[in-house]
Structure formats: C-alpha cells, structure tokens
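There are 2 protein chains.
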Amino acid sequence: MLFTHMVEPQKSNRLNTVLKAASDPTRRAILTLLAQQGPLRVTDIARRFEMSLNSISKHIKVLEGSGLVTRRTEWREHLIEVNMAPLSEIDQWFAELRSIWALRLDALDAALKEDHND
Amino acid sequence: MLFTHMVEPQKSNRLNTVLKAASDPTRRAILTLLAQQGPLRVTDIARRFEMSLNSISKHIKVLEGSGLVTRRTEWREHLIEVNMAPLSEIDQWFAELRSIWALRLDALDAALKEDHND
DNA sequence: ACATGATTCACCCAACTGGTTGACTGAACT
DNA sequence: AGTTCAGTCAACCAGTTGGGTGAATCATGT
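Those protein sequences? They're chains A and B, same order as listed. Numbering of the first sequence is given in my numbering, commencing with residue 1 and proceeding in unit increments. Numbering of the second sequence is given in my numbering, commencing with residue 1 and proceeding in unit increments.
Everything labelled a hint here was simulated from the structure, so no lab data went into it. Since the model is a prediction, treat every value here as computed from it, not as a measurement. Here a beta-carbon is modelled for each residue, glycine too, at the ideal position from N, C-alpha and C. Treat the hints with care, since some could be wrong.
What the hints assert, rightly or not - Label pairs and their computed distance ranges (CB to CB):
1) R76/B <-> F94/A: 17 to 27 Å
2) R104/B <-> N13/A: 27 to 37 Å
3) R41/A <-> R14/B: 27 to 37 Å
4) D91/A <-> G65/B: 37 to 47 Å
Claimed, not checked - Straight-line Cα separation of at most 30 Å, DSSO-like style, residue types lysine-lysine; simulated pairs:
5) K20/B <-> K20/A
6) K61/B <-> K20/B
7) K58/A <-> K20/B
8) K11/B <-> K58/A
9) K11/A <-> K58/B
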C-alpha cells in the first residue's frame with residue numbers, strides 16, 4: 001500500500017502549516033514575546049527585532065495563517081495575540097506516533113513470549 | 001531589549017532542525033511507517049511512496065540530521081529506525097511557552113485582585 | 001485640506017527546498 | 001570478470017521562503 005495521501009488531507013494541512021510556522025526562529029521568538037507580554041501591536045513587536053517592520057508583518061501573517069496568533073483590529077492598530085490551541089494538534093500527532101510505536105513493541109514482546117511458551 | 005539571539009544557540013538549532021524535519025508531510029509519513037513497521041531499509045521505505053529512491057534517500061538524511069531517525073549499516077543494507085527522543089525537545093519548548101503564558105495570566109490576575117483590594 | 005502614524009501591498013532578490021535524472025561506489029552472486 | 005543490488009553524490013530545475021525597499025491605504029489629529 002502506498003503511503004502518499006494516506007492521512008486525512010485537511011488535518012495534515014493544518015499540521016503542516018503549524019509546524020512550518022513554528023519552524024522559524026524569528027516566529028518562535030515572536031510567540032515567546034507575545035506569551036510573556038500579552039497582546040501587542042505589529043509595530044511594538046517589530047521594535048524588538050533588528051528587522052524591518054514589513055518582514056515582521058509578513059511573519060505575523062504566517063503565524064496568523066497557522067492559527068498560532070490571532071489579530072484583533074482596534075481602530076488603526078492591530079493587536080496581535082498568541083493562541084496556544086494549534087499546538088495541541090502537534091501534541092496529538094506526537095502522541096499518535098508514540099502510541100503506534102509502543103503498540104508495535106508490545107506486539108513484538110507478545111510474540112516473543114508466545115514463542116517462548118511453545 | 002532585542003529578541004534576536006536571545007536563546008542558547010545550540011538548543012535553538014536543534015529545535016530548528018527537528019521542527020523543519022517534521023514539517024514535511026513525506027517525512028512525517030516515513031516516521032509513521034517506521035513506527036509501525038520497525039527498522040526498514042531505504043529501498044523498502046521508497047517502495048511505499050510514489051517517489052524516486054533518491055528523494056527518499058534525501059529525506060532520510062534530513063531526518064537523520066535531526067536525530068528523528070538513526071541508521072544502522074549492516075553489510076550493504078542501511079537499516080533505518082525511528083527515534084522519538086528529539087520530539088521531547090519540541091514538547092519541552094511547548095511546555096515552556098505555555099508556562100510563560102500562564103505566568104503572565106497569573107500575574108495579571110493577581111494585579112487585578114490587588115487592585116480590587118485597594 | 002494636510003500631515004502623521006500603523007499596516008499592508010507589490011515587487012525584487014538571494015538562498016533554500018523538494019523533486020528529478022544520471023553517474024558513481026562497494027559488496028555479493030554467479 | 002562481469003552483473004546486479006543498495007545506496008549515495010552531483011548537477012539541475014521549478015517553486016517557495018525570508019529578507020529588503022518604496023508606494024499605497026486608511027483613519028486620526030491639526
């Protein structure tokens with residue numbers, strides 16, 4: 001059986017965007033900053049980095065696309081807030097992978113015991 | 001204070017490589033396959049995908065570089081095995097981020113209560 | 001009306017990625 | 001000696017990514 005397209009596409013896509021978003025150090029730093037400072041404006045975030053405002057704006061859009069961050073536009077200021085929920089999607093995938101792995105080991109163990117009993 | 005280069009570089013690099021490695025669907029599928037089937041040869045892995053052996057070989061090298069997979073070269077066959085350990089690095093980062101977030105909320109809560117008591 | 005401030009949009013560019021093919025190495029079986 | 005099998009290396013291509021600049025938008029304050 002081929003492995004490509006074996007997972008439910010929408011779930012896999014969400015995993016993809018979240019992991020991709022999280023796999024950039026600048027974006028992780030933004031998340032940390034937001035976690036400890038609470039909602040911030042784009043400009044305030046950009047000030048913390050030695051990088052152009054525009055680049056930060058782009059990074060924020062990526063984070064927003066992954067759901068790791070939400071935007072509350074109040075008048076002309078965009079308040080950016082961290083959102084931990086999507087992380088659990090990754091947690092879940094890890095758990096799944098680990099359980100698959102553990103299951104195989106259990107089966108192996110059982111087979112060995114069976115063998116020994118013969 | 002600027003946020004760039006605020007984290008210990010080697011730890012951040014490991015996080016980077018692990019997250020990057022995990023953020024490709026083909027590579028995640030390889031990990032799942034290995035978790036449920038146990039150690040496999042490169043060719044056996046490649047057979048499961050509609051993709052060239054070379055591409056799979058490259059993906060495996062990326063996974064190997066992140067530590068998510070180890071290689072045991074027996075005679076001319078390379079046995080590839082999944083290794084869950086690096087995942088905990090990501091777990092750890094999640095936990096850290098969540099606790100930073102929770103801490104801020106607690107502080108906020110305390111401040112509100114203090115305010116109320118005045 | 002006009003300037004200012006906060007953000008995004010539209011490009012541009014260099015670097016990286018994911019995939020391909022073809023040539024290569026090294027061991028094993030005729 | 002020649003062939004086959006397992007796998008990597010090297011070069012290449014198209015698409016994406018991370019960064020930058022300058023103009024555009026849009027609401028407020030003067």
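Okay, the hints, checked on the actual structure:
no. : hint                         : in the structure
1   : R76/B <-> F94/A: 17 to 27 Å  : 34 Å, violated
2   : R104/B <-> N13/A: 27 to 37 Å : 31 Å, holds
3   : R41/A <-> R14/B: 27 to 37 Å  : 32 Å, holds
4   : D91/A <-> G65/B: 37 to 47 Å  : 24 Å, violated
5   : K20/B <-> K20/A              : 7 Å, holds
6   : K61/B <-> K20/B              : 13 Å, holds
7   : K58/A <-> K20/B              : 19 Å, holds
8   : K11/B <-> K58/A              : 25 Å, holds
9   : K11/A <-> K58/B              : 25 Å, holds
Violated hints, listed in ascending order, are 1 and 4; each of the other numbered hints is respected by the structure.
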